[in-house]
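Participant: Starting from the structure of chain C, add chain G where the hints point.
Chain by chain, the residues run as shown.
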Amino acid sequence: MISPETAMAFDGLIESALNNNCVSPDAEAVIVSAMTGKPIFATDTPLCTVVVSISSYRFRIVTLFEIPTSATTLKYFSSVVGAGASNESYSVDVLCEFANRVCGELNRMLNTFGFMSGMSTPYILDAGCCDYASFLQPSYQKSYRVSIGDVVSIGCYLNVCVLEGVDVEFPSHYLRDEDSVTAGELEIF
Amino acid sequence: MESLWPSLLAGSFFIICCLAIALFCILQSAKTLKAQLEKMRQQVEYMRDWVPDEVLQARVRQFEDKIKKLTEEALYLKECARTDQERHEEALLAARSDKLAEIVAQSNEEMNCMREKLQEEQRALHQEVESLIEMLRMVERWHDEMQPILTNNRQLKKENAEFSRIVQNVIILALNASIEAARAGESGRGFAVVADGVRDLAQTSSQLSQEFKKNLDKNDLITTTTFQDLQASGNLIRTAVFSLRSRVDQLAACVA
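One line per chain: the protein sequences are C and G, in this order. Under our numbering, the first residue of the first sequence is numbered -6, with each subsequent residue one higher. Under our numbering, the first residue of the second sequence is numbered 164, with each subsequent residue one higher.
A few of these clues could be false.
Partial pick of chain C residues on the chain G-facing surface, computed with a CB cut under 8 Å [stated by the list, open to error]:
{"#": "1", "residue": "Cys41"}
{"#": "2", "residue": "Ile47"}
{"#": "3", "residue": "Met109"}
{"#": "4", "residue": "Ser113"}
{"#": "5", "residue": "Leu129"}
When the alpha-carbon atoms are kept at most 20 Å apart in a straight line, the in silico SDA-like pairs for lysine to any residue are as follows [as the list claims (entries may be wrong)]:
{"#": "6", "chain 1": "G", "residue 1": "Lys376", "chain 2": "C", "residue 2": "Asp37"}
{"#": "7", "chain 1": "G", "residue 1": "Lys381", "chain 2": "C", "residue 2": "Asp124"}
{"#": "8", "chain 1": "C", "residue 1": "Lys135", "chain 2": "C", "residue 2": "Leu67"}
{"#": "9", "chain 1": "G", "residue 1": "Lys321", "chain 2": "C", "residue 2": "Ile117"}
Note that these hints are calculated values from the structure, not bench results. Ideal Cβ placement from N, Cα and C applies to all residues, glycine included.
In isolation and in its complexed conformation, chain C is listed as follows (with noise of 0.2 Å):
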């Protein structure tokens, strides 16, 4: 089970993951904003899924980035995680090289939490694979839309799935306050 803090807690931290691995060397603000449900493209738009599983004791966190397979943000997209040529495999690499970041930095994040936690490799799923999330029966789910500039927006869903009957509580330190989230920044960072 996940209390309301603990809830605030993950979502400082996948924000804080967000912001510190979307902004490329030639930065424009990212904005982290949370969504409420489906869909954040339109459904014509073409998407690419790439998934990244954290792993608990207690839960595990699943990640799911939806991200347009435009050339325009597989430019940006290279230049964040400062990749070379362009082709197919490539694509998939850089997509699959950020996804790792992000979880990377969360998982890294967790781990001074006092969670023990292992993060699995990326792996790319259809667009559509995003719609089933919810047989995950994720505790808490929360998806946002991540946008840099006026061009490159991509989507990212969190789905944390907890053991029944099991309790997940973020050392109350650690814990963010109301004026904080609205801040956008966790007390610990």
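Facilitator: Frame of chain C, contents of chain G only:
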């Protein structure tokens, strides 16, 4: 002025009388003191005659001898006292030393016993760690075994996409057949019924294909995330187990 003279004469006479009385008293006191001094001198002379110098010197020597003897005895006694104390302390030290040796021997025995137990525990721990590593390999095997499921899921998706394409073609063909049957008029009526049947079947197949695609997407997500869960858990367990093994090795090094 003449009336003061008698008073002055009377005062002078009185003072002279007082001085004469004082002088008399002093003389009397001096006489008494002189007599007392004479008496004391006589007593001293008497004392000197009564106790001769030789006797005094002999007494003094006796006293000195006695003092010397007493000093020697005191030194002897002091020496004896110090020796006794030292002997007592030595005895105490020896007793303590024996006790300590006994404790050390006992501690050594306990330590050896504990070391044996620790070595036994360390061997057991080592076996447990090896079992955990085997379990980790089992998780890795599960992980590997899921790979064909994912591959198969993708293959199913491809096949379903192909099936969907064929069904769409069948629908178009059935539609064309219906058009041709209508052109044929009365003779094509039976053929039109068959074409409509084929088109209905193709549309049902198309719907089934779409449903199948959704199920495959759902299956893909669930299977992939389960696969990833095994992978991530495997990483987590690997870190924990190898950390444990490192600690067991450190313990073994301490015990050895």
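Participant: Which hint numbers does the structure go against, in order from smallest to largest?
Facilitator: 1, 8
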